[in-house]
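Here the protein sequences line up with chains A and X, keeping their order. Under full-length UniProt numbering, the first residue of the first sequence carries the number 1, and numbering increases by one thereafter. Under full-length UniProt numbering, the first residue of the second sequence carries the number 1, and numbering increases by one thereafter.
Treat the hints as calculated values from the structure; they're not laboratory data. All residues carry an ideal CB built from backbone N, CA and C; glycine is no exception. There may be inaccurate statements among the hints.
[To be verified] Interface residues of chain X toward chain A, partial, derived using beta-carbon atoms under 8 Å:
| hint | residue |
| --- | --- |
| 1 | R21 |
| 2 | A85 |
| 3 | M86 |
| 4 | N87 |
| 5 | P105 |
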Amino acid sequence: MDSEPLYIVVPAYREAGVIAGTVAGLLSVCPNVVVVDDGSADRTADNAYAAGAVVVRHPVNLGQGAALQTGIVYALEQGARFIATFDADGQHRPQDIAAMLATLRAESLDIVLGSRFLGEAEHLPSARRMVLKAAVLFTRLTTSLKVTDTHNGLRVMTADAARQLNLVQDRMAHASEMLAQIAEHKLVYKEVPVTVSYSQYSLQKGQRLSGAFRVLADLVIGWLVR
Amino acid sequence: MIKLVLLSFLVLVAIYVLMQRSTSTSLRIAIEVLLVLGAYFVVAPEQATAVAHTLGVGRGTDLILYTWIIVTFAIILVLYLKVVAMNRTITQLARSLALNHVRHPPADTAAATPAPEPRS
Chain A
1 MDSEPLYIVV
11 PAYREAGVIA
21 GTVAGLLSVC
31 PNVVVVDDGS
41 ADRTADNAYA
51 AGAVVVRHPV
61 NLGQGAALQT
71 GIVYALEQGA
81 RFIATFDADG
91 QHRPQDIAAM
101 LATLRAESLD
111 IVLGSRFLGE
121 AEHLPSARRM
131 VLKAAVLFTR
141 LTTSLKVTDT
151 HNGLRVMTAD
161 AARQLNLVQD
171 RMAHASEMLA
181 QIAEHKLVYK
191 EVPVTVSYSQ
201 YSLQKGQRLS
211 GAFRVLADLV
221 IGWLVR
Chain X
1 MIKLVLLSFL
11 VLVAIYVLMQ
21 RSTSTSLRIA
31 IEVLLVLGAY
41 FVVAPEQATA
51 VAHTLGVGRG
61 TDLILYTWII
71 VTFAIILVLY
81 LKVVAMNRTI
91 TQLARSLALN
101 HVRHPPADTA
111 AATPAPEPRS
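Only chain A is shown next, with the shape it has when bound in the complex (with noise of 0.2 Å):
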């Protein structure tokens, strides 16, 4: 694994309670663990230290877009050779990265998408379900991408395709963004089933339908603005 380091970027903002326990089970798996504090106020970025990550800060809060650009570009300056997006919060299983990266790599393949549709959606509410399902004819409708889940924070990329994508989008839009990128640069991509297990706590910090339209209206306006 040294000749071909594999990075982990995991976007933190106000997860002082799960980070520590995120961090210790990508660290089994990768000694590469990069968490990325968007301004939070809270122990995000010490906790994430003490546990053992490195720990890239941003002065301010800019959004989860951003932190996973600001990851990435860090991973790329270190010699990553891979680079995996992981969420703060618990909901992914560190195991399924090798399991993707392993398909990566197999396959000689661009870039992984975790799917909960394709795999397991552990106390999915239907609400929930609905939003993502939306996402999901939004991205078919204006990409030609044929994805099952547009919005998993699991991803396996190589470095070559991490250089291709350039995320402007900071707060949430960046995974359809992300999705756009991949249609545009005709990234080879592959979806594979990772089980997302939500938790009383993921869901509170998960987005409500509410921010469904305004990454809508960051969509838009990131055409306008480009």
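Chain X: place on chain A using the hints.
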């Protein structure tokens, strides 16, 4: 009296726009043309009504109101796009700041791999 107040205000705006070196020449000319048109309607309001009639609007006042609404929305949109562009600049600044203050874990924690190179 009101005509004098309005006209002197328009003249002040005209001078201010002329002094804006950073604004593009075409935009400055467009604004000056609008200001001259505005001054003309201040002096001869009945002409505004005449224009309104040819456009199918009842009164000159209404025509100016409708135009004002459209212009206001255009200005809000332009300002909002500028805010978005400015936020992107802030993001880039914050990112480079963050990347220059990375906290690496002590070497023994990451014993499995060589410690990452410190950033220059």
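Here is how each hint holds up against the structure:
1. With a least beta-carbon distance of about 25 Å to chain A, the hint placing R21/X at the interface is violated under the 8 Å criterion.
2. At about 6 Å, the closest approach between the beta carbon of A85/X and any beta carbon in chain A falls short of 8 Å, and the interface hint on this residue holds.
3. Look at M86/X: its Cβ only gets to about 10 Å from chain A, farther than 8 Å, so that hint breaks.
4. A least Cβ separation of about 7 Å between N87/X and chain A falls short of the 8 Å threshold, and the interface hint therefore holds.
5. The beta carbon of P105/X is positioned within 8 Å of a beta carbon in chain A (closest approach about 5 Å), and the interface hint is therefore held.
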